[in-house]
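Protein chains: 2
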Amino acid sequence: MAERKENSGTCPVARGLDCVGDRWSMLVLRDVERGMHRFDRLQASLGIAPNILSSRLAALVEEGLLEKRRYNERPPRYEYVLTDAGRDFIPILVAIGAWGRKHRGEGALSRLLDRQSGIEIEPEVIDRVTGAPIGSRPLDLVVPEG
Amino acid sequence: MAERKENSGTCPVARGLDCVGDRWSMLVLRDVERGMHRFDRLQASLGIAPNILSSRLAALVEEGLLEKRRYNERPPRYEYVLTDAGRDFIPILVAIGAWGRKHRGEGALSRLLDRQSGIEIEPEVIDRVTGAPIGSRPLDLVVPEG
Chain S
62 MAERKENSGT CPVARGLDCV GDRWSMLVLR DVERGMHRFD RLQASLGIAP NILSSRLAAL
122 VEEGLLEKRR YNERPPRYEY VLTDAGRDFI PILVAIGAWG RKHRGEGALS RLLDRQSGIE
182 IEPEVIDRVT GAPIGSRPLD LVVPEG
Chain R
62 MAERKENSGT CPVARGLDCV GDRWSMLVLR DVERGMHRFD RLQASLGIAP NILSSRLAAL
122 VEEGLLEKRR YNERPPRYEY VLTDAGRDFI PILVAIGAWG RKHRGEGALS RLLDRQSGIE
182 IEPEVIDRVT GAPIGSRPLD LVVPEG
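Listed in order, the protein sequences are those of chains S and R. Residue numbering for the first sequence follows my numbering, beginning at 62 and increasing consecutively. Residue numbering for the second sequence follows my numbering, beginning at 62 and increasing consecutively.
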């Protein structure tokens, strides 16, 4: 990972992707958010090899998106919960889901409903300052000197 | 990729990640959006091996996020442009950048300014229906039967 991090430099997109720029890592975050906190449950949901799941969990803990907690003393058993940084990534997954629904939406799909209204959500990335959707107004990229 | 796609099933997040669930693919989209349309330019920006860049570009074309266009007849030369589906993914990268800025923001970082106002954008994923940020209201996941 060291080489990747050097390459990321001053780009916050690349820095973010250094932490979670992997399909499995993102799906692990999705499942933990859905209440799957334990290794066996995650493995059953994702259908991946144990060594791959182990490495992704360890990386997410190291990057500070998951916390590993002992829930049983003897034998020692652990579960994984989202940190604040991990929870902050969930809306990005929701936005990826909206993209998947729009561009790969054939057949039955799971949906996210606003609990209070019962209405399906329509995720969108906006600029909080102007309220405008990202992509609807021209932006300028400012790269630091040096 | 075939196995992955079967695993994705009814989850739109997994379906989206099947198309672009890879750090390099996302960084290629970022750079094409920034005006880097040609292989050599992308390779210089990303600093990756040519065969890796080739495979990512081919996958993004196959998945319909990039279009490969011939810009010179003799010798044949190609460039890559975003499709509508590719352009729809850019706000997600902007949201990842906001996450990177918040959680990996040490030192100098590039910034995105609203061109008209000159003010730095503050990307946020919201639900267009309620206007509320994703994560601020409880949601229910509805999985299709069968």
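A few of these clues could be false.
[Stated by the list, open to error] Think about it this way: if two alpha-carbon atoms lie no more than 30 Å apart in a straight line, the pair counts; the simulated DSS-like pairs of lysine-lysine are:
#, chain 1, residue 1, chain 2, residue 2
1, S, Lys163, R, Lys129
2, S, Lys129, R, Lys129
3, S, Lys163, R, Lys163
These are computed hints drawn from the structure, not numbers from a lab. The structure presented is a predicted model; accordingly, all values stated were derived computationally and were not measured.
Evaluated hints:
1. S:Lys163 / R:Lys129: Status holds; Cα separation ~22 Å.
2. S:Lys129 / R:Lys129: violated (45 Å)
3. S:Lys163 / R:Lys163: holds (28 Å)
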